[in-house]
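S.K.: Protein sequence lines, in the order shown, are assigned to chains S and X.
The numbering of the first sequence is this note's numbering, which starts it at 1 and goes up by one.
The numbering of the second sequence is this note's numbering, which starts it at 1 and goes up by one.
Among the hints, a few may not be true.
[Unchecked claim] Some, not all, of what chain X presents toward chain S, calculated at C-beta under 8 angstroms:
{"id": "1", "residue": "3"}
{"id": "2", "residue": "14"}
{"id": "3", "residue": "18"}
{"id": "4", "residue": "21"}
{"id": "5", "residue": "24"}
{"id": "6", "residue": "27"}
{"id": "7", "residue": "110"}
{"id": "8", "residue": "161"}
By construction, these hints were calculated from the structure, which means they are not laboratory data.
Where a beta carbon is used, it is the ideal one built from N, C-alpha and C, also for glycine.
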Amino acid sequence: MWKLYTVSRKGPFSIALILSMLIARPAHAQITPGFNRDSVWHLLATRPDDTLKVPVLILLGQQYEYNQPDSALYYYDRAGQLSRQLHYPAGYIRYVSNYASVLNTRGKFDESIRLNLQAVDTCLKYRLGGLNYIRAFGNTATAYQYKGDYAAAVDYYLKTLPVAEGMGDAGTLSTLYNNLSGLYRDLQQPEKALGYSQKSLDLAEKTHDLNLEGNARINLGNLQKDFNQMSGGLHNIERALSIARQLHDSVMEETALVNIGDTYEKMHDPARSITAFQKALPIAAALKDVPGQAHISQGLAIGLFQTARYPAAQSLLLKAIAFDSAHGEKKMWRDALLLMSDVQIALGHPDLSRQYRDQYDSVSEAYLNASLLTNIQELETKYKVEKQQHDLLKKDVQLKEKDKAAIRQRAWLITAIIVACLLTILFILTWRFSRQRQQLQQRAIRALEAEQENVRLKAKLEGQQHERQRISQEMHDDMGSGLTSLLFLGRSLKPPDDQGSAITHKIQQTAEGLIHKMNEIIWTMNYEQDTLDSLIAYIRTNAAGMLENAGIDFRYSVQDPLPQMAVNQECRRNLYLVVKEAVHNIVRHSGASSVQIDISVTGSILAITIHDNGKGFDPAAGHRFGNGLKNMARRMQQVGGKMDWAIDNGTRLDLRAPV
Amino acid sequence: MDSIRVSIVEDIIEIREGMRFIVNQTPDLTCLSTYGSAEEAMAGLTQDVPDLCIMDIALPGSTGIDCIRRLKASDSPIQFMVFTIYENSDQVFEALAAGASGYLLKDTPPDRIITALRELYAGGSPMSASIARKVVSSFQRPGAATPLSTREQEVLALLAKGFLYKEIAQQLGISTGTVRQHIHHIYDKLHVQNRTEAINKFFGGPGSNTHGL
Chain S
1 MWKLYTVSRK GPFSIALILS MLIARPAHAQ ITPGFNRDSV WHLLATRPDD TLKVPVLILL
61 GQQYEYNQPD SALYYYDRAG QLSRQLHYPA GYIRYVSNYA SVLNTRGKFD ESIRLNLQAV
121 DTCLKYRLGG LNYIRAFGNT ATAYQYKGDY AAAVDYYLKT LPVAEGMGDA GTLSTLYNNL
181 SGLYRDLQQP EKALGYSQKS LDLAEKTHDL NLEGNARINL GNLQKDFNQM SGGLHNIERA
241 LSIARQLHDS VMEETALVNI GDTYEKMHDP ARSITAFQKA LPIAAALKDV PGQAHISQGL
301 AIGLFQTARY PAAQSLLLKA IAFDSAHGEK KMWRDALLLM SDVQIALGHP DLSRQYRDQY
361 DSVSEAYLNA SLLTNIQELE TKYKVEKQQH DLLKKDVQLK EKDKAAIRQR AWLITAIIVA
421 CLLTILFILT WRFSRQRQQL QQRAIRALEA EQENVRLKAK LEGQQHERQR ISQEMHDDMG
481 SGLTSLLFLG RSLKPPDDQG SAITHKIQQT AEGLIHKMNE IIWTMNYEQD TLDSLIAYIR
541 TNAAGMLENA GIDFRYSVQD PLPQMAVNQE CRRNLYLVVK EAVHNIVRHS GASSVQIDIS
601 VTGSILAITI HDNGKGFDPA AGHRFGNGLK NMARRMQQVG GKMDWAIDNG TRLDLRAPV
Chain X
1 MDSIRVSIVE DIIEIREGMR FIVNQTPDLT CLSTYGSAEE AMAGLTQDVP DLCIMDIALP
61 GSTGIDCIRR LKASDSPIQF MVFTIYENSD QVFEALAAGA SGYLLKDTPP DRIITALREL
121 YAGGSPMSAS IARKVVSSFQ RPGAATPLST REQEVLALLA KGFLYKEIAQ QLGISTGTVR
181 QHIHHIYDKL HVQNRTEAIN KFFGGPGSNT HGL
């Protein structure tokens with residue numbers, strides 16, 4: 001157990017290694033008494049492949065672990081395979097704890113952690129408790145501790161702790177406390193470190209296990225020393241020393257003495273330091289503890305140097321340098337050379353000092369190289385871990401990038417969809433707008449066409465009107481003048497006799513009749529007169545004039561007001577002529593003394609009723625008269641109207657025409 | 001009693017002479033002068049002023065309407081009677097607006113011509129339904145009160161419907177002579193309106209910032 005003090009100097013690595021092995025194989029030492037390889041082989045050959053064969057394979061592996069670790073791995077592996085075959089979780093966990101411990105010694109911590117985590121999974125899956133649980137969790141913690149992941153290590157140790165406390169195995173529990181203490185020390189949490197160390201001590205005292213108590217006190221003392229609680233530290237270590245002497249445990253005694261020396265050295269009390277080391281040295285030599293001897297010699301030399309006992313220091317260092325050199329204790333060798341260099345200066349030998357200094361440099365380099373070599377696996381592992389972490393981080397970053405890209409893509413997609421929707425809406429609106437515009441344009445075109453048609457018709461109409469006006473004008477101007485001339489010529493003629501007078505009168509009458517007829521034609525052709533008002537007024541004036549001249553009494557009844565309506569030329573002309581003919585007939589043939597004329601408009605039907613109080617007529621009798629009626633009926637038909645008559649206290653004529 | 005002096009403007013010699021014959025046959029009518037063109041008439045009528053003037057519209061050179069307008073513009077006291085074949089023509093209305101107070105249809109028998117001349121001299125005028133409508137619309141101006149009296153408006157409305165003077169007289173309880181006098185007054189107001197319109201046209205009309213009258 002000499003390594004304990006080393007632990008206190010170098011950190012928790014070694015103590016973890018040793019203690020974890022205790023957890024893994026609490027029941028077996030490296031070489032189990034009463035066992036030899038031949039008997040194990042025999043056992044192996046005779047045993048069937050059952051669960052009992054697993055511990056045999058493990059045991060065999062353990063026989064090789066120290067000297068032939070590859071062979072050990074082979075047997076452990078077989079134990080693992082068999083456990084899997086047999087679905088034997090406890091066996092599998094034993095395989096893992098042994099295999100992983102070899103991996104740990106080889107610095108393959110990641111592989112070890114992975115394997116141990118599998119054991120943890122198995123443990124949880126099969127709800128294994130007790131020792132299996134402690135092995136799985138504890139060894140995982142140890143692997144993390146090796147790797148330097150103290151937080152994870154603490155986590156797994158703390159998970160192990162309640163089970164271990166429940167089991168009440170003092171050795172295991174003590175180991176756990178010590179490991180936790182060491183971890184907290186490295187995590188710079190003195191209170192927790194001291195707390196667990198104290199727990200370890202309490203456990204030892206409680207169980208009256210002096211061995212455990214000694215080790216616990218050494219650990220606690222060292223912690224106290226490291227946290228500058230010198231007196232407390234010395235007290236515990238001195239107690240451990242007395243326990244060691246009580247138990248005759250040389251290893252513990254040596255460790256305690258060395259630690260006392262170190263403590264005094266730290267307290268700058270070289271005299272006591274020397275005393276302690278001087279007591280430790282023979283024990284170390286007896287135990288053939290090479291590193292211990294080297295460390296003790298160095299401690300002694302420092303003490304002698306500090307107490308200015310240079311020649312003694314020189315002689316001691318000469319022996320130490322030889323010893324260290326011979327045993328390959330490079331660090332101690334180096335430290336001894338450096339101290340020797342200082343001693344030589346103190347002795348007034350600067351040349352020698354330089355020689356030692358040079359030696360120191362070269363050994364230092366060699367030591368550094370060696371330590372570099374020993375640490376290379378660790379470094380590589382750490383590098384790998386960091387690389388993996390870096391990869392993980394990179395993956396994380398990539399994932400985040402991917403997420404971001406996905407978000408960006410989604411944003412783009414949403415934007416694209418929105419844009420597409422907007423475009424679609426825009427397109428629809430544009431389409432509708434253009435269609436509406438098209439429709440409007442078409443409507444406008446149709447309107448334009450209609451207007452053009454209108455204009456054309458209007459132009460045609462205007463042309464017609466123009467033509468009518470021209471004809472009217474010419475008739476009026478030329479024929480009118482001619483007829484008027486004729487009329488006045490006739491009037492100015494002096495009738496030679498009665499016969500001549502009659503002819504002259506006839507000429508005058510004919511001219512007058514022609515002029516009157518022409519007036520009618522001009523009226524008919526005048527588009528300004530194309531209104532219902534005008535037609536009614538014209539009919540009225542002319543009929544009234546004719547009846548007045550004939551001395552026939554007349555009464556008019558005209559609807560008032562008359563609707564404002566246009567009546568085309570043909571309708572106007574025919575209606576006028578029919579009424580004129582009717583009035584003419586009354587004047588010429590009826591013998592009536594009065595006439596009633598009613599004019600009204602219902603909807604678009606113009607109704608004219610002419611009722612005289614004359615003698616009436618027999619349509620069949622008067623041939624000439626019948627012709628006149630036929631003519632009137634034909635005119636009414638031409639304008640889409642009709643004519644009826646009745647003999648009713650005279651003659652009643654009903655004219656109806658659409659206007 | 002002084003006879004009514006009548007002048008005749010007519011380019012066709014037969015008609016002119018025939019008319020002169022008719023006028024001169026009547027004791028209370030005298031043909032003062034006859035002219036074959038508007039130009040001659042414009043010169044002569046300012047010198048030798050008749051009471052009435054029978055004016056043909058279609059004349060060589062200036063028209064009868066021009067002649068009436070110019071003479072009326074120089075405040076001629078002559079009462080013009082347009083001589084026309086077709087009473088409803090725009091030209092007749094134009095002449096009436098220019099200053100004529102009546103019209104005479106060319107197919108009018110001689111006795112009626114004389115009656116018409118005497119009526120005009122007595123201050124009565126004829127009016128057809130068609131001309132009545134034109135007169136009505138000519139007095140209808142947005143934003144301006146009509147210068148016509150209610151009775152004149154009534155007469156116009158009945159004329160426009162084709163009522164005979166006799167009928168209008170009966171309906172309104174007046175004589176046909178009064179109807180004719182109303183018509184005469186309507187023509188006078190039409191002249192005034194027409195002249196105002198002409199002046200307004202010349203000077204830019206009311207509201208314009210010109211010299212004014």
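S.K.: Determine for every hint whether it applies to the structure shown.
M.R.: Okay, the hints, checked on the actual structure:
The criterion of a C-beta within 8 angstroms of any C-beta in chain S is not met by residue 3/X, whose closest approach is roughly 21 angstroms, and the hint is violated. With a cut of 8 angstroms, the hint placing residue 14/X at the interface with chain S holds, because the nearest CB-to-CB distance is about 5 angstroms. For residue 18/X, the suggested interface contact is upheld, since its CB lies about 3 angstroms from the closest CB of chain S, less than 8 angstroms. Interface restraint check: residue 21/X against chain S, minimum CB-CB distance 5 angstroms, threshold 8 angstroms, status holds.
Evaluation of the residue 24/X hint against chain S yields a violated restraint, the C-beta minimum of about 12 angstroms exceeding 8 angstroms. Nearest Cβ of chain S to the Cβ of residue 27/X: about 18 angstroms, over the 8 angstroms cut. The hint is violated. Look at residue 110/X: its Cβ gets to within about 6 angstroms of chain S, closer than 8 angstroms, so that hint holds up. For residue 161/X, the interface hint holds, since its Cβ comes within 8 angstroms of a Cβ in chain S; the closest pair sits about 6 angstroms apart.
Comparing the model with each numbered hint stated earlier shows that hints 1, 5 and 6 do not hold.
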